[in-house]
Amino acid sequence: DVKVTQSSRYLVKRTGEKVFLECVQDMDHENMFWYRQDPGLGLRLIYFSYDVKMKEKGDIPEGYSVSREKKERFSLILESASTNQTSMYLCASSLGYSGANVLTFGAGSRLTVL
Amino acid sequence: GENVEQHPSTLSVQEGDSAVIKCTYSDSASNYFPWYKQELGKRPQLIIDIRSNVGEKKDQRIAVTLNKTAKHFSLHITETQPEDSAVYFCAAGGSQGNLIFGKGTKLSVKP
Numbered sequence: 001d002v003k004v005t006q007s008s009r010y011l012v013k014r015t016g017e018k019v020f021l022e023c024v025q026d027m028d029h030e031n032m033f034w035y036r037q038d039p040g041l042g043l044r045l046i047y048f049s050y051d052v053k054m055k056e057k058g059d060i061p062e063g064y065s066v067s068r069e070k071k072e073r074f075s076l077i078l079e080s081a082s083t084n085q086t087s088m089y090l091c092a093s094s095l096g097y098s099g100a101n102v103l104t105f106g107a108g109s110r111l112t113v114l
Numbered sequence: 115g116e117n118v119e120q121h122p123s124t125l126s127v128q129e130g131d132s133a134v135i136k137c138t139y140s141d142s143a144s145n146y147f148p149w150y151k152q153e154l155g156k157r158p159q160l161i162i163d164i165r166s167n168v169g170e171k172k173d174q175r176i177a178v179t180l181n182k183t184a185k186h187f188s189l190h191i192t193e194t195q196p197e198d199s200a201v202y203f204c205a206a207g208g209s210q211g212n213l214i215f216g217k218g219t220k221l222s223v224k225p
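Protein chains in written order, with my numbering: chain A, 1 to 114; chain B, 115 to 225.
Heads up, some of the hints might be wrong.
[Stated by the list, open to error] Computed spacing ranges between beta-carbons, pair by pair:
(1) A:G63 - B:G130: 42 to 50 Å
(2) B:T124 - A:E17: 31 to 39 Å
(3) B:S126 - A:R73: 35 to 43 Å
(4) A:T112 - B:S166: 38 to 46 Å
(5) A:R73 - B:K172: 31 to 39 Å
(6) B:Q210 - A:D28: 15 to 23 Å
(7) B:Q159 - A:I60: 30 to 38 Å
[Stated by the list, open to error] Below, a list of computed lysine-lysine pairs in the DSSO-like style, where the Cα atoms sit at most 30 Å apart:
(8) A:K13 - A:K70
(9) A:K3 - B:K172
(10) B:K156 - A:K13
(11) A:K57 - B:K217
(12) A:K55 - A:K13
(13) B:K182 - B:K224
(14) A:K13 - B:K217
(15) B:K156 - A:K3
(16) A:K3 - B:K151
(17) A:K55 - B:K151
(18) A:K71 - B:K151
(19) B:K151 - A:K57
(20) A:K55 - B:K217
(21) B:K217 - B:K171
(22) B:K156 - A:K71
(23) B:K224 - A:K57
(24) B:K156 - A:K18
(25) A:K55 - B:K185
(26) A:K3 - B:K217
(27) A:K3 - B:K171
(28) B:K220 - A:K3
(29) A:K70 - B:K156
(30) A:K57 - B:K220
[Said to hold, decoys possible] Facing chain B, from chain A, some residues (calculated, C-beta under 7 Å):
(31) S87
(32) A100
(33) F105
It should be emphasised that the hints constitute simulated quantities derived from the structure, not laboratory data.
These figures come from a predicted structure and were not determined experimentally.
We put the beta carbon where it would ideally sit given N, CA and C, even for glycine.
From just these sequences and the hints, can you work out the full model?
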């Protein structure tokens, strides 16, 4: 089974802090994604990457950046955390080359910004 | 970009009844339409998907229909059971590989 591992399940940070959310997948998937999940708003795409060092903005990239230095690892960075970034963050991966495909999600990282 | 609308936001049914959730999408280039189920405190899991060269797909009590002309697709659950209670998300994706999700439907199945 594909495994998508998010290193932190729960984080509490202060406004203005820099936050790193790490995600690793072990099945050689080309595509990786970061979504944000909020009640009533569903899953909103922040950024995705279809190859090493490649990234594409999703629907809500403001306030976030990403890094993909290795194929298996996709990091989400909050340069200066704000209270409106308190949320559940979900990483996912999928096979590439053939367009959209089945996503496998990580367990999520719940971030609270005080 | 793609926009996916999902209705209803909440749905309550009696055990044994059918449940239908509907989604519309905006980008005619989208060609992949999955449905995910998320139980409380767990990650979303794929339950069924359909590609644009198919109009309907079934897997036991679950079926998905797609109308490409009207740009809408639906999830049908028959003979609902309490364990079907969850939040269901539809999504649409295309050649870029990304998936855009609807806002979700909270399904409650009452025994």
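- Unmet hints by their number, sorted upward, for this structure: As far as the earlier hints go, 7, 13, 23 and 31 are violated by this structure, in ascending order.
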